[in-house]
Each structure stands twice: as structure tokens, then as C-alpha cells.
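With the sequences and hints as input, model every part of the structure.
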Amino acid sequence: MAMSSSATLVLETRDLTVSYRPYGLPPVQALRKVNVKIALGEILGLVGESGAGKTTLAKAIMGVIPQPGAVEFGQILFNGTDLVRQLEHKLNQLRGRAISIIVANPRGELNPLLSIGEQLTNLARFHLQASVRQARQLALDMLRAVKIPDPARRFRAYPHELSGGMAQRVVIAAGLICAPQLVISDDATSGLDVTVQVQILDLLKKLARERQTSMLYITRDAGVAANFCDRIAILYKGEIVEEAPTAAFFAGPAHPYSNLLLAAFSHHSALRKRWSREVEPLAKDEIGGSACLFADRCLLRQGRCFHEHPQLRELAPGRFVRCHFPVERPSS
Amino acid sequence: MVILRYIGSRLLFLVPQIVGIVLVGFILIKAVPGDPATLMLGPMASTDSIARLRTDLGLDQPLPVQFLIYLQKLAHGDFGTSWQTTQPVLSDLRTRFPATLELVTYGMLLALLIGIPLGVLSAVRKRGAIGKIGGMYGLVAGALPDFWLALVLVFVFYSELHWLASPIGRIDISVIPPDTITGFYTIDSLLTGNWDALGSSVQHLLLPVITLGLINAGPILKMTQSTMDRMLQADFSQYERLCGLPPQLIMRHAFRNALPSIITIVSVLYGFLIGGAVLVEIVFSWGGAGQYAVQGVLNSDFNPVLGFVIFSALFSLVVYFLVDLAYLAIDPRIRH
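Chains as they are written, first to last, in my numbering: chain E, 1 to 332; chain R, 1 to 336.
These aren't lab readings, by the way, just hints derived from the structure by calculation. All C-beta atoms in this analysis are idealised placements derived from N, C-alpha and C, irrespective of residue type, glycine included. You may find that some hints are simply not true.
[As the list claims (entries may be wrong)] Listed next, the stretches of chain R that the computed footprint assigns to chain E, with coverage defined by at least 3 CB atoms under 8 Å from CB atoms of chain E:
no.	stretch
1	262 to 273
2	328 to 335
[Said to hold, decoys possible] Straight-line distance between alpha carbons at most 25 Å, and here's what the computed DMTMM-like set of lysine to aspartate or glutamate pairs gives:
no.	chain 1	residue 1	chain 2	residue 2
3	E	Lys90	E	Glu12
4	E	Lys59	R	Asp229
5	E	Lys33	E	Glu314
6	E	Lys33	E	Glu12
7	E	Lys90	R	Asp235
8	E	Lys237	E	Glu88
9	E	Lys59	R	Asp48
10	R	Lys126	E	Glu314
11	E	Lys205	E	Asp193
12	R	Lys73	R	Asp60
Right under this line is the structure:
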């Protein structure tokens, strides 16, 4: 489902800039003018290494950036309303209801003293004003939908009685029980066995398609994103460096960093070698304040990269890259 | 089923636990220098009469034999006699132990009423005024000696303001104590409808209970605050926030997770105070078990000391047993 300009946007960030200002230390920009758009029913994959700002983006959308961080600039439009300037209690009505998040480490995220059923019904009762019986029915349906065997028994179970995969399904059920418009998955499946991961991704995709749910799928694993997402955005040091429809992206990633990422997962050893060569380290004074953020690691850098910060530009319709010298041909 | 098996196994270990405690208490009290025979007969007694008394008391026997004799008597409910009160220790403790227990129980209740709400609030509003007050309170309560606070309270409310009756004993001398049912004057006077006794005993309880409550609220507050803080930061609380659950519900869930730690500190304090409230007992001439035991130690009166040790050990075991049941009720991870 490629995005067209006429499609209804569920989420749009405009120049979203988030900084952490630790006391007595220089501020760190975690997100720099990030623009992402997610249309109705669309799955956007956000790929980047750890520290790139993926989780910060998720937290910014949920309105829970931890201290000393804050949105410094920009907007987060959800159905056209800016969440950045929304009141806390209004945000709280959206969280878990209209926007939900599926987190990793599900066993730590579930309250150890409450049964699975109680935790799921709490959500339905609070967000949907469901009666006890309705909430219970909804929770059981949801457990069934995420393919948990013997849902009536799991309903009474406690988190410590579940395996990791089972707990992950419960968290997915919790993320979907209120039929949200937007689901954010923050590296949620990376800790699972590969076979379980595939099952869960298929399940998520099916549920998302059935309910026209939009998704922001955050991952470090570009390979997983290839099978799962409609569009891919690559985040590097808080900046979107490339954005493209999934098929076009994997046919020929344009940014050198994207190539490096894909090569790292590639089975093609020549390709892997070519992109994972050591880059000569730079002396500090070689990098100007306005250099490309990837310049210090880039294999294709040239003089211009050190004093001119590249803008995101459109190579082809729907294909954006932030590079002066994008990789032209598919690298094979 | 699990619970029944659990209770059974706990009861099974009760007897060896008590015997172990008595043994340690016995050895320790015998290690303290001092001869009851000399003290009983006074400085003018002849060595002959002292030796005779020692034989009568069984003090000439070797320690293990003395211990076995003590155990044998204990098995028949005989705790021995106190040479100071000339009463059987059991009947002494029957009045003194409830006296201490009543004092300590109300003191703990007050401490809970202060410590838990203040602790929870100061964890929730960490950076606010309440958080600062909570931190200060914990510090001050930890630094103040209880007997000093007791003396200040007596000075202010009795000597200066004359709001209360003279702070001596559990009840006014002119008031007849209620018939003994539980040994708690407040409860017994309520049960028997003895309103004079109720009023007087409440008045006498007021200052020592406030003393114990204010001081012991400190550690409870500290524990509540730090555990609540940790639980509110925990992943599951963050996740509940991400799910948009209302803050009150998140707080309730966090509190439930904090409860085991709070119960632990409360039970430790409660057991400790049976003997630990002795300085407050002395200030108010309470005539409780702690005072009784201290007099016993000072005068080589072994039987009251051992009786006190057994009573408070039993009490602690009961408290810890109840605590374990509470854990079982709270935490499903223990149940399975």
C-alpha cells in the first residue's frame, strides 16, 4: 500500500526535534527535524541502530519523553491535532486507546501481581467504559486473536507463568484490545525465537489489515522490515537519511548508511566486505559543524560532505535520500 | 491446599524453634555475672545459708542439667517464680505482657497511619513539598530518642498545659481496672461497659502511644517511600502509563507491589517493640513486660527474663507467620 498524497494521514510529524538537556552537560539532540507520515492502514518501518533515536520517536508520539528530555520544536499531528501541545489528561485518553505501543521485554512490562485477564480487562474497562462482562469477553476474544492456546486458562494466569513468546502475545493483545488507530511496535519482536517472531509478525499484519490499523514498526533488523512494512524510513543520529517504498528500497538503497545496514545482514560475503570496510578515522578539525552526520563513517564521502549538511531530497516519486552522492545503481 | 501444607510445615517447626530460643536465652542469662542466692538473702547472710539456698534452687547443678530441669518444668506450663515479686512468672506476665502489647499495638497503628500515607504521597510527589516533608520526617524521627520525646510530651501536656492525668501507669489509681478478658484495658473496659476505666486508660495511653507512633512512623515512612518510588519507576508502572491507565490505578497497583516490603518492616518493628519500648515504659511507669525483664536482668532474677524471652519469641513467631500468610495472599509468585 504505497502512500499517495490523497490518502488520509493518521500520523504526521513535522520537523520534530527532541533534545535531552542533562544538568551541567551540553544538550543532546535525539531527533533532528524528523518528518514521518503514516497513512490509514499503512505500516511504516523505522530502521536504525541503537542510539539513533527510534525509541525517542516512539516516546515523543506517546508523550512520555523522560526527563531531562523535551520536544524542542515541531509538531506531532495525530488525525490533524498536535499532540505536542495537548494537555496531559487528553493525551492519557489517547494512550492505549487511539495510539498504543507494543513493547519489548513483555514479562517485565506486565504487573507481576495481577492476572493477565485483569490487566487486559482494566484497559477495556477504562478506555471503552466496558462492563465487567463485556471487558472479559473482549479480553478473551483478544487472547484468542493472538493465538494463545487455552485462552480461558491464560486469562487467569499470572505473568510469571508465561513464556516470553506467550507474554509477547499478551502485550500485543493489550495493544490491540481497544482497536487503536495507530500501533507503535518498539523492537517488540526482536527478543523472540525466529519462528515465533514470524508467527507474531504475520498475526500483527493480519490484525492490522483487518482493522485498517496504521503501524509504526521500529526495528534494528532491516531484514524483518522487508517482509513486513509498506514503507521504510532509515534513522541515523536522529535524522531520517532515507525513506522509500519497501520494494524500491530493497531493490537499491540509495544512502551509503542504508547500504551498510543491508550489507551487514547480507549473506553475500563480497557485498558485506565491500560495505563494512574500515573507514579512515578523521581528525577532529576535519569535520565542520555543518558536516553530514554520517561523514565520519562514510565510504563514499567527498570534500563537500565535510562542510555542507545534505538536505532530504526526492530522487524519484516517494523516494527520499539525505546524501550528496547517493548510490546510483542497486548494489549487488 | 498449598496454604494448608504451608501452615502445617510452619507449625511443625514451632517447637524446635522455641527450644532453640530458650537454649540461647538460658545460656546468655547464665553468662551474666550475679548470684540470685546472694541477692535474695542480702549482705548479712552466712555462706552456709547461701549454699543451702543454691542447692534448693538447683544452682549447684551443672548447666545442662539446669537447662533440662527448666525445660521439663516448662513443658508442664511452669515458668518458675520471680524472687522479686514472689509471684509465679506466668501470672506476672499475664498482666504485664498485655500491658506492653496494648501500648505497642496502638503505637504501631498510629505509626502506620502516619507512615504509610505520608510515604506514598512523598513518593508520588517526590519533588513537591510533601516529598520534602517526608524526607525530613524520616530523618528527624530516626534521630530522636523515644524516651526524650516522651519526656518532652509529658512536660508539655502534663506539667505545663495540665491537659492529661498524671502519666503514671496504665490507669488512674482511683479507677478500678476492668475485669481481665483480653488484658487490653481499653478493650476490656469496652466489653464490660466500664466507661470510667475506658476514659482513664485512653488518657494514660495517649502520650506513650503518640511517642511510639511518631518515632516508629519514621522507618515505615522511609520504607514506604523508597519502595513506592521504585515501584512507580518500574517497567510495569511505565507500561501502565503508556497504556493510558488513570494515575490513581497505577498508584494502587504500585502500592500492592510495595506492600510486601512495608509489611516486612512493620512486622520487624512490631516484634522489636515488645522489648524495645522499655524506655518509654519506664518514663510512664507502665509496668509492662519490658520493664519486668530489665528488672530481672539487673537482679539476676532468671525466670522472668526467660519467661519474657519465650513470650516475645512466641509473639514474633505468630507475627511472622501472619506476615507469611499476607505474602501468600498478595503475591501469586509465592503461591505457585
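Against the structure shown, which of the earlier numbered hints fail to hold, in ascending order? When the structure is compared with the hints, numbers 1, 8, 9, 10 turn out to be violated.
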